[in-house]
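Here the protein sequences line up with chains A, B, C and D, keeping their order.
Residue 1 is where the first sequence starts when you use my numbering, and the numbers rise one by one after that.
Residue 1 is where the second sequence starts when you use my numbering, and the numbers rise one by one after that.
Residue 1 is where the third sequence starts when you use my numbering, and the numbers rise one by one after that.
Residue 1 is where the fourth sequence starts when you use my numbering, and the numbers rise one by one after that.
No wet-lab data here; the hints were simulated from the structure.
Everything numeric in this text was worked out from a predicted model, so none of it was measured.
Here a beta-carbon is modelled for each residue, glycine too, at the ideal position from N, C-alpha and C.
On the chain D side, residues computed to face chain A include the following (Cβ under 10 angstroms):
hint, residue
1, Thr-152
2, Gly-177
3, Arg-199
4, Ala-267
Facing chain D, according to a computed beta carbon distance under 10 angstroms, are these residues of chain A, among others:
hint, residue
5, Ile-3
6, Thr-180
7, Thr-188
8, Leu-189
9, Ala-193
10, Pro-209
11, Ser-221
12, Ala-223
13, Ala-226
14, Ala-229
15, Ala-267
16, Ser-270
4 protein chains.
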Amino acid sequence: MSIETVVAPLAGRQAKPAGSIVRVGGVEIGGTAVVVFAGPCAVENEEQILSAARAVKAAGARVLRGGAYKPRTSPYSFPGLKADGLRLLALARAETGLPVVTEVMDARHLEQVLACADILQVGSRNMQNVTLLEEVGKCRVPVLLKRGMSATLAEHLLAAEHVMKGGNGQVILCERGIRTFEPSTRNTLDLGAVPMLKRHTHLPVIVDPSHGTGLAWMVPSMACAAVAAGADGLLIEVHGHPARALSDGGQALTFEEFAGAMIRIGAVASAIGRSLA
Amino acid sequence: MSIETVVAPLAGRQAKPAGSIVRVGGVEIGGTAVVVFAGPCAVENEEQILSAARAVKAAGARVLRGGAYKPRTSPYSFPGLKADGLRLLALARAETGLPVVTEVMDARHLEQVLACADILQVGSRNMQNVTLLEEVGKCRVPVLLKRGMSATLAEHLLAAEHVMKGGNGQVILCERGIRTFEPSTRNTLDLGAVPMLKRHTHLPVIVDPSHGTGLAWMVPSMACAAVAAGADGLLIEVHGHPARALSDGGQALTFEEFAGAMIRIGAVASAIGRSLA
Amino acid sequence: MSIETVVAPLAGRQAKPAGSIVRVGGVEIGGTAVVVFAGPCAVENEEQILSAARAVKAAGARVLRGGAYKPRTSPYSFPGLKADGLRLLALARAETGLPVVTEVMDARHLEQVLACADILQVGSRNMQNVTLLEEVGKCRVPVLLKRGMSATLAEHLLAAEHVMKGGNGQVILCERGIRTFEPSTRNTLDLGAVPMLKRHTHLPVIVDPSHGTGLAWMVPSMACAAVAAGADGLLIEVHGHPARALSDGGQALTFEEFAGAMIRIGAVASAIGRSLA
Amino acid sequence: MSIETVVAPLAGRQAKPAGSIVRVGGVEIGGTAVVVFAGPCAVENEEQILSAARAVKAAGARVLRGGAYKPRTSPYSFPGLKADGLRLLALARAETGLPVVTEVMDARHLEQVLACADILQVGSRNMQNVTLLEEVGKCRVPVLLKRGMSATLAEHLLAAEHVMKGGNGQVILCERGIRTFEPSTRNTLDLGAVPMLKRHTHLPVIVDPSHGTGLAWMVPSMACAAVAAGADGLLIEVHGHPARALSDGGQALTFEEFAGAMIRIGAVASAIGRSLA
Numbered sequence: 001m002s003i004e005t006v007v008a009p010l011a012g013r014q015a016k017p018a019g020s021i022v023r024v025g026g027v028e029i030g031g032t033a034v035v036v037f038a039g040p041c042a043v044e045n046e047e048q049i050l051s052a053a054r055a056v057k058a059a060g061a062r063v064l065r066g067g068a069y070k071p072r073t074s075p076y077s078f079p080g081l082k083a084d085g086l087r088l089l090a091l092a093r094a095e096t097g098l099p100v101v102t103e104v105m106d107a108r109h110l111e112q113v114l115a116c117a118d119i120l121q122v123g124s125r126n127m128q129n130v131t132l133l134e135e136v137g138k139c140r141v142p143v144l145l146k147r148g149m150s151a152t153l154a155e156h157l158l159a160a161e162h163v164m165k166g167g168n169g170q171v172i173l174c175e176r177g178i179r180t181f182e183p184s185t186r187n188t189l190d191l192g193a194v195p196m197l198k199r200h201t202h203l204p205v206i207v208d209p210s211h212g213t214g215l216a217w218m219v220p221s222m223a224c225a226a227v228a229a230g231a232d233g234l235l236i237e238v239h240g241h242p243a244r245a246l247s248d249g250g251q252a253l254t255f256e257e258f259a260g261a262m263i264r265i266g267a268v269a270s271a272i273g274r275s276l277a
Numbered sequence: 001m002s003i004e005t006v007v008a009p010l011a012g013r014q015a016k017p018a019g020s021i022v023r024v025g026g027v028e029i030g031g032t033a034v035v036v037f038a039g040p041c042a043v044e045n046e047e048q049i050l051s052a053a054r055a056v057k058a059a060g061a062r063v064l065r066g067g068a069y070k071p072r073t074s075p076y077s078f079p080g081l082k083a084d085g086l087r088l089l090a091l092a093r094a095e096t097g098l099p100v101v102t103e104v105m106d107a108r109h110l111e112q113v114l115a116c117a118d119i120l121q122v123g124s125r126n127m128q129n130v131t132l133l134e135e136v137g138k139c140r141v142p143v144l145l146k147r148g149m150s151a152t153l154a155e156h157l158l159a160a161e162h163v164m165k166g167g168n169g170q171v172i173l174c175e176r177g178i179r180t181f182e183p184s185t186r187n188t189l190d191l192g193a194v195p196m197l198k199r200h201t202h203l204p205v206i207v208d209p210s211h212g213t214g215l216a217w218m219v220p221s222m223a224c225a226a227v228a229a230g231a232d233g234l235l236i237e238v239h240g241h242p243a244r245a246l247s248d249g250g251q252a253l254t255f256e257e258f259a260g261a262m263i264r265i266g267a268v269a270s271a272i273g274r275s276l277a
Numbered sequence: 001m002s003i004e005t006v007v008a009p010l011a012g013r014q015a016k017p018a019g020s021i022v023r024v025g026g027v028e029i030g031g032t033a034v035v036v037f038a039g040p041c042a043v044e045n046e047e048q049i050l051s052a053a054r055a056v057k058a059a060g061a062r063v064l065r066g067g068a069y070k071p072r073t074s075p076y077s078f079p080g081l082k083a084d085g086l087r088l089l090a091l092a093r094a095e096t097g098l099p100v101v102t103e104v105m106d107a108r109h110l111e112q113v114l115a116c117a118d119i120l121q122v123g124s125r126n127m128q129n130v131t132l133l134e135e136v137g138k139c140r141v142p143v144l145l146k147r148g149m150s151a152t153l154a155e156h157l158l159a160a161e162h163v164m165k166g167g168n169g170q171v172i173l174c175e176r177g178i179r180t181f182e183p184s185t186r187n188t189l190d191l192g193a194v195p196m197l198k199r200h201t202h203l204p205v206i207v208d209p210s211h212g213t214g215l216a217w218m219v220p221s222m223a224c225a226a227v228a229a230g231a232d233g234l235l236i237e238v239h240g241h242p243a244r245a246l247s248d249g250g251q252a253l254t255f256e257e258f259a260g261a262m263i264r265i266g267a268v269a270s271a272i273g274r275s276l277a
Numbered sequence: 001m002s003i004e005t006v007v008a009p010l011a012g013r014q015a016k017p018a019g020s021i022v023r024v025g026g027v028e029i030g031g032t033a034v035v036v037f038a039g040p041c042a043v044e045n046e047e048q049i050l051s052a053a054r055a056v057k058a059a060g061a062r063v064l065r066g067g068a069y070k071p072r073t074s075p076y077s078f079p080g081l082k083a084d085g086l087r088l089l090a091l092a093r094a095e096t097g098l099p100v101v102t103e104v105m106d107a108r109h110l111e112q113v114l115a116c117a118d119i120l121q122v123g124s125r126n127m128q129n130v131t132l133l134e135e136v137g138k139c140r141v142p143v144l145l146k147r148g149m150s151a152t153l154a155e156h157l158l159a160a161e162h163v164m165k166g167g168n169g170q171v172i173l174c175e176r177g178i179r180t181f182e183p184s185t186r187n188t189l190d191l192g193a194v195p196m197l198k199r200h201t202h203l204p205v206i207v208d209p210s211h212g213t214g215l216a217w218m219v220p221s222m223a224c225a226a227v228a229a230g231a232d233g234l235l236i237e238v239h240g241h242p243a244r245a246l247s248d249g250g251q252a253l254t255f256e257e258f259a260g261a262m263i264r265i266g267a268v269a270s271a272i273g274r275s276l277a
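So that you can see chain A by itself, here it is in the shape it has in the complex:
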């Protein structure tokens, strides 16, 4: 199904031709400024998340990301610190003032997650977990909805419609790479999704170049490309010591690399008449 033919009265562009802005902790997502969400893939310990929060804030990130509940392909991989991870995210928020985005995997965790999250992330594996979409649709906090690994743009938009039908209009869509035949990158980052979604929905659209490539050295270039394509924000993995990360270290930037990337990203944003938030 092409996105042209989707029936989405709530998420479709025609519902709000001027575009919608999602507000969280003084940050506007979907406005002129490009908003960077950054932090580690998973919360690992207090020192790790606090140092990362400070570093990404200093470099210009406006939202802290960090996983507490981690859906993993293998049951033998690190599943996240769960409640302890949420507590550490709350600490990092308290210290830095950065709003927090973290994943909710299960409706039964919602109350717990809501106690510390400013934005609820629904991950790629759950993009069509319909009851979870319905539950976050009943919440009153923004939802960051990642595209499924092989979801069409039509399906991504309809997943947002599921959330909005529950009453929650604060949805942010996130392109994070799709499954293709190409083995050199973890996923194929589909930057054409940015203008295509922006044309067909009023919702903000951000890009995750970390999952989109799986390779830290590619992240700055692809982050710049995402901004040039019109993305309203970026979701970037940053870790104090990528080689020691418990999850996805190969795609995490060091603090220094992230600071350098932000300068390049800011220059591209300016070139297209935007700025970094």
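For this one, chain A is given, so just place chains B, C and D on it according to the hints.
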């Protein structure tokens, strides 16, 4: 990740080199006989499910399928009759004696679904819904685990490992077509998945040619091909009046078509030294 | 583009509703009998091709395959014996009486290839080499047209139309696996292509399970599945010593494996009312 | 095969760590400046190609593109003006001074094409037409080698190696979108290919956002994104009257749209420390 490299101590073939058999209501799945699961995509009303149950039983099906909770791409599509659908499935089971497989979308529905289901289906959209996999892993009924739309075989196997790690060893894997560039069929049925999975896991492997093609006229041929490839069973959509179906009518066989297909399927099963259960 | 919408007045089913039969050396492709084409990926030396020709004939193959001109991904891979390979194929044909299919990569080689080939193969890499299609369209020998690695069925059919527009109606289509995200097999064999093509074209359709899987142990199962799906023939790689093959040894059957596979294939053919030619 | 593992002694980055520059008519491709190749998909008539050549030159393009030999999916589509098209390209070159890139589909056309082309294009359908690669490898003009529709980056690099092994080191690689499951765009533009290729080869890498999206309105955004990702150039379709184009009109920019896009592209180039050539 190639399936060769997967670490799956519970689901991997080495755990049970002779293969495992899942038993339900006198039926053995994974043995010499090929087991056919059939019925409508969605339960719609009493007459519909009872007539379908009688017809598929008469033609040789050994398990009744029917959806009560339906995860749908659009929030405006028919979501299933939910609790009422479960009740009607229980009626059909009582009348025909056929065990029932139906989908569970949410851990919070488990108690309700378990009251009527003999086999719990985890659908493609939820193949990596980790907490749902963990919950069905705590149950003591067989689980039919469909491959995700773009799940690799390695990921499919690891999803089974998630279930088995919870203590439930009765898992049936189901190939149902994958996402590719080809637009002429709804999905591309990957029959190579059958021998590949059978080599790397001891679990039974069945095939759903209805979702795998999306076209009723293709189902009999592809069902025969699946059996020839070594499938332990088939999941086939059958509806009394496909043109009036509330869900996926284009891929449902009529009762007559299903009866005809069963004869062809039985002949192929015999040719490779198996039989219809 | 779906195959439903293709304009193919020559290749389309409506041009010959009863189906067309391609005849070569007393063999009919597209009739009731299933025709097996077998032999090594590449002709390597006289002993190799003669022993293979004898073995596949003894096991029931009716056409000998063997590559003399080999298009290779890397310029450092074995490119085939070229003219010498053609000469050896002619020898094998003379000794066994089997008609020969071999690839033509370039219109400038046509005269040379025609001197020894009974069927011209156009390979996957050249499925949209339009001038080559036009040139083989001017020949009066059958053409085996393999599906491109990511060609849709619509494109495959239109490639046949290119050949037929030149005046050559003897085209055989060959499904040989497509590019997908799945890394466990070399390609994903799309057996749904068989009934779909048969519905939309009158041309015979065969299947290459060797390239379709890349794994010799999968070939017999998938060959049986192809026949069950309705294939008019099979293209199977066979080599006296697969481990020493100069090209694609991992997917070649030994003589014994091929003989065993033929028995299984024959049984499935009988089950669906066909036979081995 | 991942590009990491490719053996390409000529095309690999290690052969020329500083990168190579392809020079044509005073233009340097692969240097600091970003070079824009623009013009119609197909040459249609004198007025069309001359007006397009003037317009793209005025807006800053440095190379004129235009197809004379057009490989088409259907034999009933416009195949290009062939020799007449080449003659018109020569006229446009003479008038504007712009070097010309045009496709060569067949080695037998080389002499004719070389008489008017400054750069030989090998199209996506022919990326693995090995004998054509070998023939252009014997020429002494630059070769623009487009990625095949489902070619991996490893295969793209090895196709360049085929050309270079013949003695022609002037190869430009072009990303033009790949086949995926997403139906909303004609192809999925894989901008990650740009940094990945640049890391593994010294050859210049350009991007074709016209074929990469199939939609004119997306071209300016994706052109900017390509430059931000590090592309050395762009290949953009421009037509005086897209609605009347004989080929691919839906993806062609008007003269005005192209001029506007060039301003945006130039701004992004400046932001990353480059310029428009």
